[in-house]
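*Asks:* One letter stands for each residue in the lines below.
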Amino acid sequence: MSDTPLLKVENLKTQFFTEAGTVRAVDGVSFTVERGEIVGLVGESGAGKSVAVRSILRLIDSPGHIVGGEITFDGKTVVGFEDEPGTDGEPTRREEMLTNTEMRSQIRGSEIALIFQDPMESLNPVFTVGGQLRELIELNRGLSKQAARDRAIEILREVGIPQPAERFDDYPHQFSGGMRQRVLIAMALGCEPKLIVADEPTTALDVTVEGQILDLVYDLQDKYDASFLWVTHDMGIVAEICDRVNVMYLGEVVERASVDDLFYNPQHPYTEALLNSIPRPDQSTEDLQPLEGAMPEPINPPSGCRFHDRCPEAREVCQRTHPDLRTVTEAGQYAACLKHDAFEAAYETSRPLTDESPAAGGDRRE
Amino acid sequence: MYIVLFIIVVAIWAFVDGVVLDYYFAERFWYSPITAPPGSRGLLPPVGITNEYGTGTWAHPLGTDHRGRDILVRLVYGSRIAIQIGIVATGVGATLGTIIGAVSGYYGGWIDDVLQRTVETFYAIPFIVLMIAIMSAFGRGLWIAIVGVSVITTPIFARLIRSEVLSVREEEYIEAAKAAGVRDRNIIRRHVIPNSLAPVLVQATLQIGVNILIVAALSFLGFGAQPPTPSWGAMLAQSRTYMLPDPWFSVWPGLAILVTVVGFNLVGDGLRDAFDPRLND
Amino acid sequence: MSLPRYVARRLGQSVFTLLGVVTITFLLVNAAPGDPVRIFIGPSADASAIAAMRAQFGLDQPIHIRYIKYLMNVVQGDLGQSINYRVPVTQKILERLPATLLLVASSFTFAIITAVPIGVLSAQRRNQLSDHVFRIFGLIGVSTPSFWIGLLLIIILTYHLGLLPATGLVMPWAPPSAVDHATTRLDVLYQSGIHLIMPTLTLGTLQMAAIMRIERSSMLEVLNQEYVSLARAFGVSERTILRKHAFRNAQLPVLTVIGLNLTTALGGSVLTETVFSINGIGTLIITGVNARDYPLVLGTTLFYASLFVIGVLITDILYAYLDPRISYGDES
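Protein chains in written order, with full-length UniProt numbering: chain A, 1 to 366; chain B, 1 to 281; chain C, 1 to 332.
To be clear, the hints were calculated from the coordinates, so they are not data collected in a lab.
We put the beta carbon where it would ideally sit given N, CA and C, even for glycine.
It cannot be assumed that every hint is accurate.
[As the list claims (entries may be wrong)] Examples of chain C residues lying across from chain B (beta carbon under 10 Å, computed):
#, residue
1, Val-29
2, Ile-140
3, Tyr-159
4, Val-179
5, His-181
6, Ala-182
7, Leu-206
8, Ile-285
[What the hints assert, rightly or not] A short list of chain A residues far from chain C (calculated; beta carbon distances all over 12 Å):
#, residue
9, Lys-13
10, Gly-36
11, Glu-37
12, Gly-75
13, Thr-92
14, Thr-101
15, Ala-113
16, Leu-139
17, Ser-176
18, Asp-199
19, Arg-320
20, His-322
21, Glu-344
[As the list claims (entries may be wrong)] Chain C stretches covered by chain B per the calculated footprint, using a threshold of three residues with CB under 8 Å from any CB of chain B:
#, stretch
22, 15 to 21
23, 262 to 272
24, 287 to 300
25, 304 to 315
Construct the entire structure; sequences and hints are all you get.
*Replies:* Right, here's the structure in full:
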């Protein structure tokens, strides 16, 4: 079809205006999803992954607001602002940006569907599983009640619910966690959207169930020809199903690469650290190099490179200069780290910021 | 928002009760609330206006009642009675209920069964009806009312504490205390009850308001403090005869009840929001 | 467990509650000082007349015998003879029952049909002006003595505006000939309506405010649930979310509050009946207490408790119907 990606997110900024200050949960994130692709969005909890994907559906509740950037989906402008702010200083919506009603009727569910994270809380306990599924299919596919019901039973079978016609009228509490997660997947697939956003859908599940669910998604992706944006903190899942990966840290994308490049040739120290913290059978636990410290709060991010206070390779320049995402390898791998030549940041001549160094004292956060 | 409202209410209340009235009393009558001889409180028509019946003047801003007594004076005495009953009865009920509920929830078994059935029984009889039954048996009057309201308050707290205890009982530190050989009574006293105090405090504050309403209702029906004690409910009952010529006589005591109960409800809501900020604004 | 068995079991449990009610009230009433016979006959009665009357009402027997006898009679539906009215207590109660039931039913209907939409609206417009207005109204509503509302209504609507009658109730099914200003069925209904308005508001305001408050907080809690986010993410409109996805869940705590408020309402009916001089069970019990008519007090108290037990049973059944997680078996 066309060359334009299915989903294009550019310089997205979503902020939460709280009493304690402005939380820059998503701060200038860009990524794309091509048709038929599974794209990973990886990072620790709190990195802004969930906020980023909910911004795509414009599902940010107050006090959060999308304050900048552009999101286009399949030729439609989901988020788009004028270059000049309005007279009140607030960003002005561009004319072609979809209205809230259009978002609801044209995008949510029907074009982009979200697989929710928590199978225990995401189904309404007082309605039958089948009824909830049928309603969403009816709404988003414009089917009659009966046709939607037939479709719902079919899709329940496809996601591996045994005896779907009999279980159609069961309530959520009669399903196990894994079964409920399958129902959540069925909800997304049943609406036949072009893009399915999976927000850590297997986090709450046992490892064995997780494996089954991943296999299922892989099979169904082929069959439905849907694109996936897969949010996770688990590098194992990334390796298993993703085509391309975006690594997020503290509201920013710090590395973007194909799965193979990312695993065999990571270009950002944070990615390396994530990979080094995965237990492997050929290593003892002593060989693991878990990441030191915790991710800082996005309300008061460190100066310069946001990762510098946890980075084993940090140098003085990293405290001052904030790196953007640039192509750093010939294979077209992107990273936001000053150690690469592409940044011309005099990294090599800068003093290292290790614990032994005299600079590693109080002036870490200038 | 609630906090601001509450402060305003308290400020007005303190001002009226504490500053203005002592001045008001001392200026106009031979006694003030402090200097009044025992037994005379609200009893005697204030000097100089006996049998003078009418609506508001500067000397009597809220007017006088059918026996020429200053309504404002009686309202203030009434407030002391109402708040006294509200606080004492709630305190007694909450204490008894906490003990019963803690024992019931902690031990379970037949003790729990018996106590729960008893509590349910008290729940099943409408408060007013139960109070009427109690007062028909033991007589009418302020102290009987306090005892009665304590009795009907107890099951509310017993039930509340029991459910708190049931959830606290499963906590690991209780298991640890048991394993360490701490005696049951001490576990209840040192661990179970302190952990259940927040909801009790909230419920108690709200219950003071409810109890003031119940006592007012009883007095209205003629079962509370007996005349000439100036209770708000009794004043409302007396005002019924004069609703046509002097409607304001019916307005003031009700307003006094309303403002007082709103005050306790505001504190209760505020405490609940403070302990459980989930639904805070 | 099937519904009939559930109801049967709950009724079985209720028997214990009612037994407790009988015991407590029996003890209370018998602890009372004052002699009903003396009050009834008067101070000048001679000893033999008093003794005869004591024997007639069984008051000459020891208390435990009387208790057991009373229980046996209650089981057979006999609440004894009213000393004051000289008719069976059950007859008197049945005579007064329609007025009280009409009053309670109409005030609950009023409370529910106003409070539920207002509570939902208040939650939907959280922290907007209308929400604040509703919340202040709710706060005042639960803090106002109901009988005072009655008095104010009478002052304004009857004395000043002359709009509504201040006393009595007219049963909508009463024959036109028995009702003032009525010749046709329509007149009776009209009279019944205008008599019912003020008592309904008097008794219903507290219930309305209480239901409104719980409806709002319950709705807010449900609107924060993940399944509501899911509906939103799948393009379900806010209107449908409010009316379908959130509403039913939010009614569960509301139902509990309604069930518990039934006692308050039944108690409040005593006050409302007094204010509006309605011949219901509430005024009956007050008459009973004033006349030391033990059987009457006992009987009406027991009857109030039974009404409550039935009401709670109905709300429990509705609860189980609304919430599929509750099976009829494990409600405890």
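*Asks:* Decide, hint by hint, whether the structure agrees.
*Replies:* Against the structure, the hints:
1. Val-29: 6 Å, holds
2. Ile-140: 6 Å, holds
3. Tyr-159: 5 Å, holds
4. Val-179: Violated - the Cβ of Val-179 of chain C stays beyond 10 Å from chain B, reaching only about 26 Å at its closest.
5. His-181: Violated. Min distance 22 Å.
6. Ala-182: 27 Å, violated
7. Leu-206: 9 Å, holds
8. Ile-285: At about 6 Å, which falls below the 10 Å cut-off, the nearest Cβ of chain B leaves the hint on Ile-285 of chain C intact, so it holds.
9. Lys-13: Given that every Cβ of chain C is farther than 12 Å from that of Lys-13 of chain A, nearest at about 21 Å, it holds.
10. Gly-36: It holds; Gly-36 of chain A is separated from chain C by about 23 Å at its closest Cβ, greater than 12 Å.
11. Glu-37: 21 Å, holds
12. Gly-75: 19 Å, holds
13. Thr-92: Fine: 25 Å to the nearest Cβ keeps Thr-92 of chain A off the interface.
14. Thr-101: 9 Å, violated
15. Ala-113: At roughly 7 Å from the nearest Cβ of chain C, Ala-113 of chain A sits no farther out than 12 Å, so the non-interface label is violated.
16. Leu-139: 6 Å, violated
17. Ser-176: Ser-176 of chain A clear of chain C: closest Cβ-Cβ about 15 Å, beyond 12 Å.
18. Asp-199: Check fails; 10 Å does not lie beyond 12 Å.
19. Arg-320: The assertion about Arg-320 of chain A holds, with a minimum of 41 Å to chain C.
20. His-322: 33 Å, holds
21. Glu-344: It holds; Glu-344 of chain A is separated from chain C by about 43 Å at its closest Cβ, greater than 12 Å.
22. 15 to 21: holds (count 5)
23. 262 to 272: holds (count 7)
24. 287 to 300: holds (count 4)
25. 304 to 315: holds (count 4)
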